[in-house]
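Student: Given next are the chains, with one letter for each unit.
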Amino acid sequence: MPTPTSSPLRHPFCFPGTRRSFIQKATAGIGGLALATLLNHPAYADATQDDSLPLDPIQLDPIQPLRPRPTHFPAQVDRMIFLFQYGSPSQVDTFDYKPELQKREGQRLPESYYANPKLKHTLSYGSELMASPFGWKQHGQNGLWVSELFPHVAKHSDDLCVVRSMISESNNHAPASLNMNTGVLVEGKPSLGSWLTYGLGSVNQNLPGYVVLYNIGPYGGPANFTNGFLQSSFSGMHFRDQGPPVLDLIPPSAFKRTQRQTIDLIQQLNRNHQATRPGHSELDGRIASYELAYRMQAEAMSMGDLASETKETMEMYGLEDKETAEYGRMCLLSRRLVESGVRVVQLFNGLASPKDGWDAHTILEENHRFNAKRTDKPIAGLLRDLKQRGLLDRTLVVWCGEFGRTPMWDSGSGRIRSDAGRNHNPLGFSIWMAGGGIEGGRTIGATDPFGLFAEEAPYRVRDLHATILHAFGLDANQLYFTNSGRQERLIGVADSANVISGLFRS
Amino acid sequence: MRITLFQFVNTWALLVWLIAISVSAQCRSDEGDGDEGMTEVRVGDAWTDPRNPVAQLWDGKRLDLWSLRPPEPTPIPIVLDSQWASNPIDCFVLAKLQTLGLKPSDPADRKTLIRRATLDLTGLLPSPEEVVAFQEDESPVAYEALIDRLLSSPQYGLRWARHWLDVVRYADSNGFERDEFRSTMWRYRDYVVNSMNADLPYDQFVREQIAGDEMASSELSDRRRELLWTASGFLRLGPLDTTKSKFDTEEAARDEWMVDLTNTTGSAFLGQTLACCRCHDHKTDPLLQADHYRLRAFFAGIEEDNERVVDSKEVESEITRHNTAIDERLKPLQIAYEKALKPGRDRLTARTLSTFPAEIVNLLKQPSDARDKATHEKLAPYVQKLDFYDEDIAALLTADENPTYESARQKVESIEQQKREFTTVYCVKERQTEIPPTHILEGGVFTDRREQVQTGIFSLLDPGPIAIDARDVGGGTGRRSALARWIASTKNPWSARVMANRLWHHHFGRGIVATPDDFGYSGAPPTHPELLDWLAVEFVNSGWSIKHMHRLIMLSATYRQSSQVVPSSSRLDPNNRWLARQNLRRMDAETLRDCILQVAGILERSQGGSPRWPEVPESVLKAQPGIYENSGRLQGYYTDPERQTYVRSILLVRKRSVPLPFLSVFNLSDASGTCGRREVTINAPQALSLLNNPISIRAASCFAERLTLLRPSDLAEQWNEAFWLALGRPAEPQEQAQMKQLFQALCRQLSQSDNGPSHPSDAADIADPYPINASLERMSLAELCRALLNSNEFIFIE
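Chains A and B, in that order, are what the protein sequence lines are. 768 is the number of the first residue of the first sequence in my numbering; add one for each residue after it. 50 is the number of the first residue of the second sequence in my numbering; add one for each residue after it.
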């Protein structure tokens, strides 16, 4: 296709600014002599500054973007294991004991609740209270209430701090998951783990800084653990708990025996090539990346070698029991990873079945017993193991879902009481944290007498995020990255967030 | 000699250009503004009218921002070394270099040049024959002929459509919890490919995407209307939460759609960061919060249209006739089918009723129209339980009953399969009822409405409402047509500059403005502002011809420079911002994959159509429960046979929640917003992927096979051919020696029987990369091929 002939005779731009520029034009003069004037025009002066991309406080080493970076202030912890409970466990059946709810089984939620517009959706799915079917007991020196679902975790209750007044911004799985993991309800923003590795780098340069474990991932998929606009080195890398842990880590057997020779050949070709092209750091970077890949291969393979653990350790995580083995393997792998200097490990509940995780719209009792049984012992094992290795002091352990569940049973779309479950509840739910600096055996905040919405000291997801950054010695306001003209932060461009008060030992 | 002639021709052209420019500059002052008649007692622009609300922002200071001034037909600087310059671009670049004491580089050698140009324009490698032919071409216009040949290659569209798809955040699925496949979104992708190949003028390209549906008047040809509807698929490309109705969040989801459209329109066409003024006035640019909503108001009337039939009237009625006839034939068959199913249905019903409380069973005995509302509500959950799947019913049929059912089912199915489907596209339609008013939202929260706004462009240019003429549109209110006309014009200072800069960015690896989606204060200032203006003016004057711009840029001496680092220059300009050489660029994800397939000889030259679904490791699919738990194409992931997936990467399915591992690791854009500049990183996971990914493994073995077919006899010849195919040059004697050494080392290694501990690899399920009893030669050849595909010389564009 022939291109149209160019005619420079016409000035094509005609809009309000034009008249003004005509005036400038007249003073600048016409023709080649104007060049010097134009080049020195003050509006263009910025263009002669050294670098034209906006500067952020963190300048990355292009070859080693995970190189450790200083904190803003002294940190409580330097690594984290985030146990995301997808589908969302019910607070009133786990960590938020509500005697009033237990008494009022079958009664209608008091009328006063209907005036709250935020409850509109929640209430539309039924208003008949359902008592928790589980037994409750106080545990530890501090008498923390834990339901019978978590007998093993309950033994660590003096290490747990339960926040009973969390609020999510969405009542739907995918947006709420994204909210919990990236701070916003839509895809495309960096996840918490990405922000942490961006801010702090990582300890071990031969492993990724941010690892995710799952058998089945969370609602919303990989958008929950991607790097967004941050560099891809900060994306969550999936480690599998069986076989080669990282995708494309090793070649097929036909190519395996000759791998070192092949890498040597590549490096030889690259050095030949580089010899005649000095001064390009990208070429050095790629040569270095193959050596790093070789080391990563060895180190990642050994990470996945759970068989090297003692029998006692495996027992502690429940690896010998079919029901707990799956989650146990992931918990054990988490410990191995943080022990080796991985900054953030995020474990998405990720059980192969039931497919919806904790999302018990029906058969709450069966669903929650099933999920709790499979995770309770492994989580308790993880806490114990971290503690005995002296790692718990430096590690933050977080347990939470994307939201909570209603104290009323869910009578929506054809459901019947005999196999009742609970609906989504973003307005008040419980999470717990343990580890470095955390004041154990206590609760923060409270829901109303039925456990429906956060009443005392409510905290939003972004407050939780600011709190986690705080534990790592980072100020959520100061950790930002300039993207499309905005100083993006985990807690939002223009928002502010509060560190959860009373969580850390003073 | 031929270079001199080339230079001469261009110097002459330059002279003509210069004369023309001075004449034009003198003529212009007589023209005045075209739209003068429309302005009545309106508030003027922020520069001239203090009543303009933007004049108050920043005390009016930010109005000096370079990008707010209209591009000017800048005079071409006169430079001393005109021997080097071959077109006006070079004069701008050289003038700047000279003021900084820098010297431009010599042109790259011909092998480098054809490789660079071919990769830039087609995203593929030149064949060895093409390299040799170009090296030996003594014509003075050999290089121009090369550019013209590449611009007319159909592969050009596949390459440059990919860049545009990044800008418009293209994906084939909805994202969020279910991430359903948008089964006809690819027609938009094909529209972009074809538009690029046809050099559709950019202004028209923009108008069609923003307002195609409004432009599709009934007087146009069916084909034209189809294209226009398809183009307006642009408005449907963002993520979409389809569970919104289930969770009472329709209003929020619509708000997100409007935000997405406003932001994307701002960044894709205008380089304006409207996301910043969703919640407040812009923090750095002279934009009001109202500007976000004024722009949003243009979209206020649109609704999703997922199945717009784009068949011609004749085809449409033919299909309808055909399908009605089939329905007629189906009727008796369906009755037979129901009859065959009945015994099973009775059993399942009885079984289910037995689990209900007696009271419910009694109530169910009432005829359904005799029940009152309360009874209906009470029974609803039970009635739902009596609505069975046919498969569950059929499971209760006896062995005697089953054959009758099976044959009835097969009959129904075979007839049903004869139905034909309409050709449909994703686009939008305008609301038939009154269009809801657009309000400024306090803090961007959709429930917190403040004052109402009218459709309007950026206040700093014109704070009044925009004139909308509904008469000249085929359907709808004309709102978007008005917006599209303004964007695709010279009435704003951005559109031409932004696109010219996007083109430059992809030819140099860095734009004149290094932030192609942000022309505001927080974006990067232009390195060569006069050149950018000149390019923008040239772009408009060429009739918004993108191919004209490629030609202009690629024929410049600036583009053709060698990428070799010259120490004296790099001391003064370490980041090569002033272009004293060409940049060294790493292939992007798609180019890398496409070139690997090309070298292996297995790239299928398909031009479009329904996307292909490459195999993805199970662990990647499992990252998204919505995908993994559902089979079938809509919500799940359905893998095509391997061979069918060896197409250009732009034709692979883009499920938002299934990032294809190989492409992702090489910095694929993420389809959540405009991405005019992809990040380029170099890291160890890339090395692992390029070494071990099934694509690399498969390609290496096919490449080896190809070599043995091309050069059956001699190993040294095979090596040589491998260098030619992958790198466009013969193997040097030193390399031949290294190959030989390595070959022997490989053979020694391979002849040892110990395989070491065995782990399944991600490439393991590829059928043997080569026959298990293949010769050592063949096995080592595959390794050598793998090494070449991993080499810096292969992956970097010089």
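Among the hints, erroneous ones may be present.
To be verified - Over the 12 angstroms line for every Cβ pair with chain B, so calculated as not near, a few chain A residues:
| hint | residue |
| --- | --- |
| 1 | V844 |
| 2 | R1044 |
| 3 | A1067 |
| 4 | R1103 |
To be verified - Below, simulated DSSO-like cross-link-like pairs (lysine-lysine); rule was C-alpha separation at most 30 angstroms, straight line:
| hint | chain 1 | residue 1 | chain 2 | residue 2 |
| --- | --- | --- | --- | --- |
| 5 | A | K1140 | A | K1154 |
| 6 | A | K1140 | A | K1089 |
| 7 | A | K1089 | A | K1023 |
| 8 | B | K293 | A | K885 |
| 9 | B | K362 | B | K468 |
| 10 | B | K789 | A | K885 |
| 11 | B | K332 | B | K362 |
| 12 | B | K460 | B | K380 |
| 13 | B | K789 | A | K1023 |
| 14 | B | K362 | B | K478 |
| 15 | B | K380 | B | K293 |
| 16 | B | K362 | B | K388 |
| 17 | B | K152 | A | K870 |
| 18 | B | K388 | B | K332 |
| 19 | A | K885 | B | K388 |
Claimed, not checked - Some chain A residues flagged as far from chain B (calculated, every beta-carbon gap over 12 angstroms):
| hint | residue |
| --- | --- |
| 20 | P832 |
| 21 | K870 |
| 22 | P900 |
| 23 | L952 |
| 24 | G955 |
| 25 | Y986 |
| 26 | G1003 |
| 27 | T1029 |
| 28 | R1038 |
| 29 | G1046 |
| 30 | S1107 |
| 31 | R1182 |
| 32 | N1244 |
| 33 | D1262 |
| 34 | L1270 |
Since the hints were made in silico from the structure, they are not lab data. Where a beta carbon is used, it is the ideal one built from N, C-alpha and C, also for glycine.
Student: Tell me the hint numbers this structure goes against, listed in increasing order.
Tutor: 2, 3, 7, 10, 11, 15, 16, 17, 18, 19, 20, 23, 24, 25, 26, 27, 28, 29, 31, 33
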